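*Asks:* Reconstruct the complex from the two isolated chains, following the hints.
As they're listed, the protein sequences go chains A and B. Residues 1 to 228 in the working numbering are what the first sequence spells out, letter by letter. Residues 1 to 301 in the working numbering are what the second sequence spells out, letter by letter.
The hints are simulated quantities; they were obtained by calculation from the structure and are not laboratory data. Incorrect hints may appear among the rest.
To be verified - To be clear about the criterion: a stretch of chain A counts as covered by chain B if any three or more of its residues have a C-beta under 8 angstroms from a C-beta of chain B, and this derived list gives those stretches: (1) 60–71; (2) 74–83; (3) 90–97; (4) 115–126; (5) 177–191.
Quick caveat, the model's predicted, so the values are computed rather than measured. Glycine included, C-beta positions come from ideal geometry on N, C-alpha and C.
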Amino acid sequence: MPLLLSTHLSGYISWTNRVQEFEPARTIRRMKTEPTADLSDARHAADARLLGLVATGDSAALGELYDRFSRPLYATALRILNDPGEAQDIVHDAFVAVWEKAASFETARGTAFSWVLTLTRNRAIDRLRSRRRRHELLETSTLSDLGLDENSSGPGADSAASSSDQATTLRAAVAALPADQQRALTLAFFSGLTQEEIAARLETPLGTIKARIRRGLLKLRDQLAHRL
Amino acid sequence: MNAERHEDLAALAALDLITHAEHSEFTAALAEHPELAAIAASLRSTAAELAHTAPAAEPPADLKIRLLKTIAGDARPVPASVAQSPRSTILPFPTWIGFATAACFACLAAYFAQAYFNQSALNSAFRDQQNLADLSLHSTKNQLAAERLIAQRELADAAKRAADTAALITTLESRLAETKQRLFAQGTLADYKIATLASLLGNSPQAVAVAIWNPASQEGVLTVQKLPALAADKDYQLWVIDPQYSIPVDGGVFKVDPTTGEGRLIFHPNRPVQTVAKFAVSLERKGGVPKAEGPMVLIGP
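Isolated chain B (complex conformation) (with noise of 0.2 angstroms):
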């Protein structure tokens, strides 16, 4: 690339008349060739020169007084660049101290006025908060209020149910014991003597009776059938022998049904009772005797 074409793209340029290509160009040709700077600078200046070659016009006298009330509403800012130089110390106090002041005050204001309605909506929302942290805790409260009253029945009733319970194993307890008693003085089946006693009686050989004695208790039970109807007199009379008697023990006297020759006798003799060898029925006069007299009708076994 010659002068001549750095010239030709100077002198387009000067005149606004460069392409874009062309732009690109001389913007590559300024970068390599710092003094062509220069040359189209000097061509700029030279081309603006041509504005006084057009007919002479004179501008209304009101577009200056335009322009400066135009302007004079302006409040641009000075360039930090220009603010710093040391021309700056010769600049007129009150052109730039105002536009500085009130420059200062609005950002102030601004400042503060951000500042205010943040803080304003951080207090409304922390406001918000604790209304939401308040009806809360009032709502555990009456939840915790309400379950402490169902516990408290709870508990009350399950006290209640434990004073039932132990009412009723005591009552339990008592009844066992009762129980215990009562089957340790009736002691065991095993403990219990049956015997069967036969007839000696020639007239009613189908006569029989049964005798249980429970030696715990010293009672028993006598149970008989068939036996002849009784004279008005006499009595049929229940003997227990024991070997350490001599004579056998009164188990008392009893009568049976004259029709079928039944009768039942629950029995306690009158002296106790150690062991039973026999069991004895005899017929004897009314109301019975202290030792056997009449003739013995049963025995067993």
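Pulled out of the complex, with its shape left as it was, chain A reads as follows (with noise of 0.2 angstroms):
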């Protein structure tokens, strides 16, 4: 935890140095000796002000925000498209429509990172279906190809996780779900399947299936409560 509170410090410190009328002094302070919500509650803040920049047509602002998002946006195209060329057109667009429709963004509705990977993940499953390889998924694909392993404990166990510590504390939270919810959410987030072709991919009743993603999502929450 100390290297993690060092490091999201210094993001925000370097932050602070552009933006200081939108990050008081006494918030940095507080996460000095609150390291757990008030820190993921500070960037989530940060994030959406960088967002506020943006929409009042700062390129600066948004540049800041590629360099704060774009390795997980392109990570999670990447893993819907499996394509690095779609990943890549996926995140450009992705920002665009961030510069163009920032205005519209609302704290009210989720952090600004969830704004944000919303834009991408919906392109990154539309470009997935538009060129017709969702049919080939569901017929050919296996569980390990959508990037579950049944056998392992879930995305936590992957070599080639993210190194950041914010990915391993993710990964710790996902790894700490029943192994059955976790298939349910990673295919839910990563494949673009629906509800019934998630049932039917893991050949269990959709009441099951929906009671699986809610209880997971509930689960994560809390615990990344905790941990972040």
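*Replies:* Shown next as structure tokens:
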């Protein structure tokens, strides 16, 4: 945790040099003493304020936001599409959409990261469906093709996992979920499948799939609240 | 509907797995339970964190450059709500003033260009209308001039006809006056005196004569038939017997055709005759006499 704290602090200090008026010093001081939920809140608040600057036409803020979001967004697009070129196009288009629609972001509907991720993920899934790989995936892919190894403990065991502390924390939190919830969440997030398709893929009743997704997300939320 | 169902819907929405029917149900639930929005937001934010579980991948460095180049050409206007916020006071001056100035100039240029083209089109339309009006006026003038010439000719003809008519009227009036005068001079038919003269000759009892007398003009006509032929030194002489005179008034002498005994005399008594009592014809010496001397051959009525 001290390492995590120092990593986040360094990022925030560089950020506060640019937008000091949006990042009161007392917040930083509090982060030093309360390095859990407050740190996560501060990160999301900083993201939201960056997005606010983007809405005013601040291209430098967009560059900053890109630096903060591009890795997980690109990794997600690449995971969904399995094509680096298309993943780059998706990330590019998503950030252009951010530039054009930043003013429509509402903090009450989620974090800035979740909003930008939705823009990216939806585009990636649309691309996935448009190139007609969906049927092929359903018919030929295995769980391991979709990033799921039924014998593994989840994404946290991936040797190629992100080296960032945030990714490590996330993987640990996901790994702590029951295996059936991990599989349901991972398929729901990366595969672009519908509820029914996930249920069919996992040969599990639809109601059970919905319950696994709900429980998995709630547990993940609670764990992240304590870990970050 | 219980909280677990709400959480189901919120979780599915967070992962964009929600169906249309569930979306409607979720929207209604959000309206009924505002606190559900916070749960949905937290689950969406949590779901987004799953992105960090994807295998690590570094986007190429030129992707950021490509992105910044793309947005550098984007003149996206600043939303009003953002521009009016207190934070907007710290925006870099050149970032928006350039776009605003360019936008103002562009708007002004577009406005004046539009106004110029509108005015040009309007002027052209007015010129066309004026040309049409001039053409119409010229045509009307020509027509009026032609009608004026025609009217002048008709007026001259009418004046000429009026003058001719006036002259004719004058002539007719003159003729009428003359006729009236002549008729007055001639008198009426009722005023004429017509008399038949019977023979007094034993050897020519068939001899007859008719005298017509116009007292107004003091003129008469005598026509005779079957009178005996005259000797060379003799003439017949007409006498008009007017009671106002003691002796007959001389009406003139005449001869007859020796073979038929016919003769004609237009006579004018040598004295004014007021009343004709009788006409008489006597045989006198040649050239006539002032007072009857020879035998009376015809008398009447």
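*Asks:* Against this structure, judge whether each hint is valid.
*Replies:* Status of each hint after checking the structure:
no. : hint    : result
1   : 60–71   : holds (count 6)
2   : 74–83   : holds (count 5)
3   : 90–97   : holds (count 4)
4   : 115–126 : holds (count 5)
5   : 177–191 : holds (count 5)
Hint compliance for this structure: every hint is met.
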